[in-house]
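K.L.:
Residue strings, one per chain:
2 protein chains.
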Amino acid sequence: MRVAIVGATGAVGHELMQVLESRLKFDELLLYASPRSAGSRLTFGGQELTVQVTPEGPIDADVILASAGGSVSKALAHRWIEGGGVVIDNSSAFRYDAQVPLVVPEVNGEAALSHRGIIANPNCTTAIAVVAVAPIHREYGVKRMIVSTYQATSGAGQKGMDELLEQTRVQLEGGQATHEVFAHPIPFNVIPHIDAFQDNGYTKEEMKVVWETHKIIGDSSIRVSCTAVRIPTLRTHSEAITLELERPATPAQIRELLARSAGVEVRDDPAAGLYPMPLTASGKYDVEVGRIRESLVFDGGIDLFVSGDQLLKGAALNAVQIAEYLQEKGALKERQRV
Amino acid sequence: MRVAIVGATGAVGHELMQVLESRLKFDELLLYASPRSAGSRLTFGGQELTVQVTPEGPIDADVILASAGGSVSKALAHRWIEGGGVVIDNSSAFRYDAQVPLVVPEVNGEAALSHRGIIANPNCTTAIAVVAVAPIHREYGVKRMIVSTYQATSGAGQKGMDELLEQTRVQLEGGQATHEVFAHPIPFNVIPHIDAFQDNGYTKEEMKVVWETHKIIGDSSIRVSCTAVRIPTLRTHSEAITLELERPATPAQIRELLARSAGVEVRDDPAAGLYPMPLTASGKYDVEVGRIRESLVFDGGIDLFVSGDQLLKGAALNAVQIAEYLQEKGALKERQRV
Chain A
1 MRVAIVGATG AVGHELMQVL ESRLKFDELL LYASPRSAGS RLTFGGQELT
51 VQVTPEGPID ADVILASAGG SVSKALAHRW IEGGGVVIDN SSAFRYDAQV
101 PLVVPEVNGE AALSHRGIIA NPNCTTAIAV VAVAPIHREY GVKRMIVSTY
151 QATSGAGQKG MDELLEQTRV QLEGGQATHE VFAHPIPFNV IPHIDAFQDN
201 GYTKEEMKVV WETHKIIGDS SIRVSCTAVR IPTLRTHSEA ITLELERPAT
251 PAQIRELLAR SAGVEVRDDP AAGLYPMPLT ASGKYDVEVG RIRESLVFDG
301 GIDLFVSGDQ LLKGAALNAV QIAEYLQEKG ALKERQRV
Chain B
1 MRVAIVGATG AVGHELMQVL ESRLKFDELL LYASPRSAGS RLTFGGQELT
51 VQVTPEGPID ADVILASAGG SVSKALAHRW IEGGGVVIDN SSAFRYDAQV
101 PLVVPEVNGE AALSHRGIIA NPNCTTAIAV VAVAPIHREY GVKRMIVSTY
151 QATSGAGQKG MDELLEQTRV QLEGGQATHE VFAHPIPFNV IPHIDAFQDN
201 GYTKEEMKVV WETHKIIGDS SIRVSCTAVR IPTLRTHSEA ITLELERPAT
251 PAQIRELLAR SAGVEVRDDP AAGLYPMPLT ASGKYDVEVG RIRESLVFDG
301 GIDLFVSGDQ LLKGAALNAV QIAEYLQEKG ALKERQRV
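Taken in sequence, the protein lines are chains A and B.
So in the working numbering, spot 147 of the first sequence is number 147, and the numbers just go up one at a time.
So in the working numbering, spot 228 of the second sequence is number 228, and the numbers just go up one at a time.
Fair warning: there could be bad hints in the mix.
The list cannot tell twin chains apart, which means a pair is met if one copy fits it or any two copies do.
[Claimed, not checked] Here are the simulated SDA-like cross-link-like pairs (lysine to any residue), alpha carbons at most 20 Å apart as the crow flies:
{"hint": "1", "residue 1": "Lys143", "residue 2": "Leu257"}
{"hint": "2", "residue 1": "Lys204", "residue 2": "Ala272"}
{"hint": "3", "residue 1": "Lys333", "residue 2": "Ala111"}
{"hint": "4", "residue 1": "Lys74", "residue 2": "Ser91"}
{"hint": "5", "residue 1": "Lys159", "residue 2": "Tyr96"}
{"hint": "6", "residue 1": "Lys159", "residue 2": "Val72"}
{"hint": "7", "residue 1": "Lys204", "residue 2": "Pro270"}
{"hint": "8", "residue 1": "Lys74", "residue 2": "Pro58"}
{"hint": "9", "residue 1": "Lys143", "residue 2": "Thr250"}
I should point out that these hints are in silico values taken from the structure, not numbers from a laboratory.
No experiment lies behind these values; they were computed from the predicted model shown.
Based on the sequences and whatever the hints tell you, model everything.
P.N.:
Written as structure tokens, this is what we have:
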């Protein structure tokens, strides 16, 4: 089997290579990036590979992991799959297309099987939330879900992290922090603005959580809202989540349920200083879930806090898990070599 | 009139002196601190003042602004007022005492008039929230209020800020950040743990928001919940707030209402990059309120985002405003000099 990464030199591309080394059985890796980054050499499995320019035509691979931005995917993904492979796309280009499955394998893996050449990888904030919320929805029925996020600068890619680090140095040396990646200086600041504002006053990032939660869980009757906030951390998004439930649940029941749910690490022993944090969740495949407690606003409802590495579960890991799922189900058909 | 500050050398003490210079008419200032800090000299109004050791008996002042921690206030406040003055206490020692008014002047100033020598200054997170929420409650009736906080390190005093700055430097130089003030390293991290955990799984900081919102607004039927989170910022707390209302409101109505509410600056023009942030709210007396939008989970409800300088509105400013209120109402009686 041959795997291709489009956008190999970006932050998610880097994570894709790490995850591929530890998961997925395949024979050959092709790396693609923009003309600016093409020609650079990356090491994979002890071998040096040269990054090629992203093709504008068919890609000769069984699985094409695309993380090159929405406009590139929108323009080219349909061409890439003419090589017979399946694109697992990390951008928002196809997520709301009724023909394209939007998949978190722990939640709706089977949806991947109905793809027509393209599978969408969800928004990172949503992916992290649904691994915790979907099992609760199945058992107790989620009626309302209120999310406030604490999002890391790497959500804006490597350049987001670089800006945080560089500008924090500037500020610590007594200078005035500036900004290019973010709308305002990010060191020691909080910016309630991620992606573009919509007509309803919500940002697109916030609406993605609404739309994608509905599509992945497969129930658009859940009332979902989100406040998406950028904070000065490097990687791993955290989220405070309040849930109103159809059938009342106790914190002990939710802890027990999540402890046997895939993709979740219950980290919930406050007396021992154990709760989800970027410091401990970064680099982990599982999403940390803790601060599980009875809601004070909804009888029988639940409050919880999650921290998940958004470059992994929110992006690279989830994409590779989709490929694994297809492989396990024998759903990666023998391609006609182009 | 004579004013005393107990805890003059702390972070709030510093802010109290700044606020006193620009507000409140009085003749003389007395400064007190622990034996460790006593003897230091601070400048006020161009004059050098020597910090004295906090008395264990009466304080000869009309207004005693106390910010020396709960145990000191609990032990000594009743002795200080034997000098005939009124204590405005910034700790949590008396906030839940039915005999002690808990006051945010814009919301329930008149409660201050019924004091018996001690008035409590609210928790910073609550003070910032209620200046925005109380006017909405009066007009539209708040049924449910869900708060997620983004709290600055100065909530733990000067030493909290120092730890963030020092340990950020350590980490930027490639070292391993350590911690003393916070439960875990704070640079580039998120810690969902402020104050002690209670039996119900909430922290005391979170329950303060519940208890104090009820007491200040004077309506304990409001269902309030909070997730209190420490983030790597220096000063100014932010809060994402979701409100269910008795009577439906539109964002335009809420904007108009808050624009004429005391203590609030409506900063809500996302297209122009205007929303509340620590960067712009720090040092301001008013609480910034923005991201005002229709709730997606409660019909006719409202979501909003606030940033307020918790050392000012959440502490020093509010205390001085209480003193001003008493002065304006002629409620600072002539003391019998001790």
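K.L.:
Confirm or reject each hint.
P.N.:
Here is how each hint holds up against the structure:
Proximity of Lys143 to Leu257 under the C-alpha cut-off of 20 Å is restricted to the intra-copy arrangement: shortest distance 18 Å within a copy versus 31 Å between copies. Proximity of Lys204 to Ala272 under the C-alpha cut-off of 20 Å is restricted to the inter-copy arrangement: shortest distance 16 Å between copies versus 38 Å within a copy. Proximity of Lys333 to Ala111 under the C-alpha cut-off of 20 Å is restricted to the intra-copy arrangement: shortest distance 17 Å within a copy versus 74 Å between copies. Taking the closest pair of Cα atoms, Lys74 and Ser91 come within 20 Å of each other only inside a single copy of the chain (9 Å); across copies the shortest separation is 57 Å, beyond that limit.
Proximity of Lys159 to Tyr96 under the C-alpha cut-off of 20 Å is found in neither arrangement, the shortest distances being 27 Å within a copy and 48 Å between copies. In the homo-oligomer, the alpha carbons of Lys159 and Val72 lie at most 20 Å apart inside one protomer (19 Å), although the nearest pairing across protomers, at 48 Å, exceeds that limit. Taking the closest pair of Cα atoms, Lys204 and Pro270 come within 20 Å of each other only across two copies (13 Å); inside a single copy the shortest separation is 34 Å, beyond that limit. For the homomeric pair Lys74 and Pro58, the shortest alpha-carbon distance inside one copy (14 Å) is at most 20 Å, but the shortest distance between copies (75 Å) is not.
Proximity of Lys143 to Thr250 under the C-alpha cut-off of 20 Å is restricted to the intra-copy arrangement: shortest distance 16 Å within a copy versus 23 Å between copies.
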